[in-house]
Every structure is written in structure tokens, then in C-alpha cells.
Amino acid sequence: MAKSWEEINARIASGDAVVFTAEEFGALAAEKGVSAAAKRVDVVTTGTFGPMCSSGVFLNFGHSDPPIKMGEITLNDVPASGGLAAVDTYLGVTEPSRVRGIEYGGAHVIEDLLRGRAVRLRATGPGTDCYPRTEIDTWVTLEDLNQAYFFNPRNAYQNYAVAVNSTDTALYTYLGTLLPRLGNATYCSGGALSPLLNDPTYRTIGVGTRCFVAGAPGYVAWEGTQHNPHTDRDEHGVPVRPSGTLAVIADLKAASPEFFSAATFTRYGVSSFVGIGVPIPVLDDDIAATLALTDADLKATIYDYGVQHRSRPSLGTVTYAELRSGSIEVGGKTIPTGPISSLPVARRIASELKRWVAEERFTLAPPLQALPQVGSQAFKPLEIRTGEAI
Amino acid sequence: MPRKRLDLTFPPRQSLKPVIYHLVKDYDLVPNILRAQIHPAQEGRMVLEVTGSKESYAAGVAFLESQGLTVREAASDIVLDEELCVNCGLCTAVCKPDALTLDPETQTLVFDKDKCVYCEACVIACPRRAITLSF
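If you read the protein sequences in the order shown, they are chains A and B. To convert, note that position 17 of the first sequence is 17 in our numbering; the numbers rise steadily by one, no gaps. To convert, note that position 14 of the second sequence is 14 in our numbering; the numbers rise steadily by one, no gaps.
I should point out that these hints are in silico values taken from the structure, not numbers from a laboratory. In this text the structure is predicted, and so the values were computed from the model without any measurement. Mixed in with the good hints, there may be bad ones.
Said to hold, decoys possible - Listed next, the in silico DSSO-like pairs over lysine-lysine satisfying Cα-Cα at most 30 Å (straight line):
hint, chain 1, residue 1, chain 2, residue 2
1, B, 96, B, 115
2, B, 54, B, 115
3, B, 54, B, 25
4, A, 333, B, 96
5, B, 4, B, 25
6, A, 3, A, 32
7, A, 333, B, 54
8, B, 113, B, 4
9, B, 115, A, 333
Could you put the whole structure together from the sequences, leaning on the hints where they help?
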């Protein structure tokens with residue numbers, strides 16, 4: 001049984017497409033079998049809502065009179081890049097405030113803009129013949145901006161680590177507070193709902209894929225940074241460690257604060273929860289087989305964050321069903337677990353995307369270019385060396 | 001009888017003094033230890049509820065301070081702002097008494113205040129700063 005992209009899009013356009021979330025599809029496949037589920041369902045929707053540090057927005061403020069070439073720029077005291085054209089900037093979510101530190105950062109500015117709040121823009125410039133102004137202090141809202149769009153260089157990580165801490169002191173990490181002597185384990189994935197776990201070999205997700213970004217319709221723009229298809233995979237071909245990633249683009253003005261939330265990790269820094277969902281066409285039984293995988297099938301690798309090196313030792317793998325049960329066993333010890341990626345919001349994203357496809361005729365775009373596959377350039381570390389050594 | 005919640009910090013070396021015994025015996029206070037982590041050679045911390053008259057309370061606190069303890073009035077309440085909470089569940093990873101848990105079905109946050117020992121671990125763990133103390 002095989003369906004083409006064109007057949008599926010025609011059914012979406014006529015309002016006849018059968019759309020299931022990845023959780024619903026897993027349940028249907030368990031009951032009726034993968035082939036029967038593949039025959040019945042045209043599109044499976046996914047969703048994830050975890051902290052994604054490599055996110056941010058491009059903004060254009062418009063020109064003041066007289067105009068300024070903004071060099072040093074802050075928004076609510078959070079520095080934004082002055083390295084673009086006169087009134088363009090890029091604001092990254094992890095940038096801390098000069099006044100409030102990591103309790104308020106780029107992510108909080110973006111959330112304030114999404115909530116319709118005015119944000120204080122201050123900038124200085126060199127003063128040139130064409131841009132004579134040297135200083136500006138004003139307030140802007142999202143509505144005022146000419147362009148405001150997300151360009152998130154790395155979202156929707158295909159799987160992630162389970163973090164534990166074997167040392168005698170608590171560690172404060174991007175995976176939360178890790179209690180000493182294996183006092184807890186934290187993990188961060190949408191599991192069975194996670195976009196790239198449902199398309200492990202990037203067959204349907206590639207450059208140009210239409211997707212859900214923080215409540216707005218967006219696109220996969222490129223492979224995400226640190227995209228690495230070469231990690232260990234299980235018997236289904238699904239990575240058991242952090243692997244593929246997506247760079248996404250979407251209009252900030254169409255996004256919703258329901259699906260973008262600023263975050264502060266104590267003694268670590270600022271980040272943001274970003275809602276990402278990708279619709280996946282049920283082209284054949286092969287893709288249906290991975291779409292049917294549940295939390296009981298999908299695994300993640302446990303790492304000891306007490307080892308402060310690039311390569312941390314693996315302490316084995318566990319399934320997402322075990323992680324969600326509230327405790328796992330590591331070396332004979334029972335450890336309480338806690339997630340970081342919100343399953344309730346991930347479910348809402350998959351349901352919302354289902355509504356877009358089924359009711360708003362959100363058609364699917366086949367990849368214009370594939371993401372790097374197994375066999376592409378190996379993922380490289382950064383070596384510390386001198387100029388002479390080159 | 002008024003009840004207060006105290007957060008005590010024990011300096012290293014003095015941690016073995018039986019201060020709780022003295023609170024009961026000499027100051028007529030009824031202590032209820034909510035949380036304690038005391039090691040002889042390290043700084044220790046204890047959160048306890050004390051019940052007693054105003055005068056006994058003041059005298060008891062003065063005694064504790066005279067023993068080199070730092071006494072701070074602990075939060076009387078922990079408040080979860082459900083508007084800010086995104087149900088990520090990270091707080092459940094640091095909540096030892098299981099006051100914060102996730103509903104097994106919906107995976108939404110459930111806060112059972114009766115189990116809370118006011119250790120405040122969730123307050124700094126919450127990336128949304130949705131859990132705050134009130135005094």
C-alpha cells in the first residue's frame with residue numbers, strides 16, 4: 001500500500017484527509033495493525049514543547065527621523081545584535097539582561113512582545129553622513145515592527161539525554177537541578193510525539209517542510225545546528241541519543257505565547273520553550289511502522305553530568321515509558337525521574353496541527369532538499385590549538 | 001496558640017547541640033521538624049514549625065540565635081501560578097516528599113500542599129518562576 005504526496009494533499013484540499021496525532025496513531029496500530037492503520041490514516045501530526053536554546057528573532061524597527069545606524073542595541077536592557085543593517089537586529093533567547101541577569105533575557109523580551117507588551121528599545125550609533133543620529137530611546141510593540149520572524153537555528157532535537165549526577169553535590173544544568181548521588185534523573189523529549197523520532201531517517205522532513213512553530217505556520221529552513229545523523233540507533237533505526245535537529249522559520253506576529261514560553265534555569269541561564277509540530281504523510285507501511293512506535297519502544301541514553309567533559313560515559317538506555325512512570329533503575333538503584341519537555345503542551349500542539357490539516361487545509365510540502373543523512377559529513381568537535389599548529 | 005515556620009542554619013561544629021530539646025524543655029515550644037540536613041562538620045539546615053505563646057517564641061528564637069544559629073522566618077505558603085506553569089514537570093524531579101507530581105494520564109502538575117515540607121527546591125528549579133513563596 002502506498003500513497004503519494006499528491007494524493008494526500010488532494011484529500012487535505014477537499015477536506016477528506018484522515019488525520020491522527022502520533023499517540024492516536026500508535027494506539028490504532030496496536031489495535032488494528034500497522035498496515036490497516038496506514039491504509040486508514042493519511043497524515044500523522046507530532047508535537048514537542050521543550051527548552052530550545054538556539055532560538056531567536058530577526059526584527060526590523062523601521063527608520064527614525066533623523067535615522068540611526070544602530071550599533072549597540074538593547075531591548076528591555078537585553079543586548080541584541082548590532083551586526084546587521086542599520087535597523088535590523090537578531091535577538092537570541094539566551095541573551096541575559098544587563099540589569100536582571102538570567103532572570104530576564106531575550107526569551108522574556110520575545111514573550112513580552114507576543115503578549116502585546118511594549119518593549120523599551122535603546123540604541124547608539126556612530127553617526128554617519130547617511131545615518132546622523134547617534135542615540136535613540138523609544139518603545140516598540142510587535143505590531144509596530146515591520147518584520148519580526150523566528151529563525152531558530154536548532155529546534156526539535158531528535159531525542160535527548162537522560163541526565164543524572166553521581167557526584168556529592170547538586171549540579172545546576174540546562175537539564176535542571178541534578179541531585180547528588182544519583183538523586184534524580186531528568187529527560188527532555190516529546191517521546192512518541194516528537195517530530196524527528198517519528199521520521200527517524202528524515203524521509204519526509206527536509207528543507208521546505210511546512211510545520212508548526214510556536215503557534216504559527218512555518219517552515220523547516222535548513223538542517224539544525226549540530227544535526228548529527230550518525231548516532232547509535234535501535235532496531236527500528238531510531239536514534240537512542242541526541243541526533244538530528246531542525247532550523248525553522250516562522251512569523252513572530254502569527255505566533256502565540258501559548259506555544260512560546262521564556263525560561264530561566266537557575267545557575268545556568270535563559271532559554272525558551274518552543275512549540276514545534278510537523279505533519280508527516282503516511283506514505284507507506286515503512287513510515288507507518290515508525291509512526292506507530294510508542295513510548296514503550298523509544299529509548300534514551302542515560303549520561304552522568306557529574307563528568308564535566310565533552311564525552312560523558314553512558315549508563316545505559318531506558319524507554320520513555322519507564323521515564324514517564326516516575327522512576328528508573330540505574331545500576332540497581334531506583335531513581336525518581338522528572339521531565340523538562342511538557343507533554344500536555346506537546347499534545348495540544350499535535351491536536352492543533354491536526355485541526356490545521358483536517359479543517360484548515362494545511363497541505364504538506366515534500367522536502368525541496370533532504371536533510372543530511374547517515375553517510376554525510378561526520379559531526380566534528382572543536383579542538384583547541386594555536387595558529388602555528390594549523 | 002500561634003504557629004510559626006522557621007528556617008534554621010547551623011554553623012559547622014555546633015550542629016550537635018540539642019537545641020530542639022531546649023526549645024521544648026526550657027521554652028515550652030512544640031516543634032515539628034519538616035526538614036533537616038545536619039552533618040557534624042558542615043553547615044546544616046532545618047525547617048521546623050513551632051507552636052507556643054508569643055513570649056515563648058521570642059525567647060526561643062533569642063536562644064537559638066545565642067547558640068550561633070541563623071534564624072529566618074520561613075515561607076508560610078508556597079504558591080503555584082497556574083497561568084505561568086507550562087506543565088513541564090521539572091519541579092517534580094526535585095520534590096523529595098512528592099508534593100509535586102504529574103498526573104499519570106494527563107501529565108499535568110498536581111500540587112498536594114499537605115505533603116510539602118517547604119524546602120523551596122521547586123522555587124529555584126521552576127524555569128517559569130511559577131512557584132513562589134509568600135510570607
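Hints breached by this structure = 7
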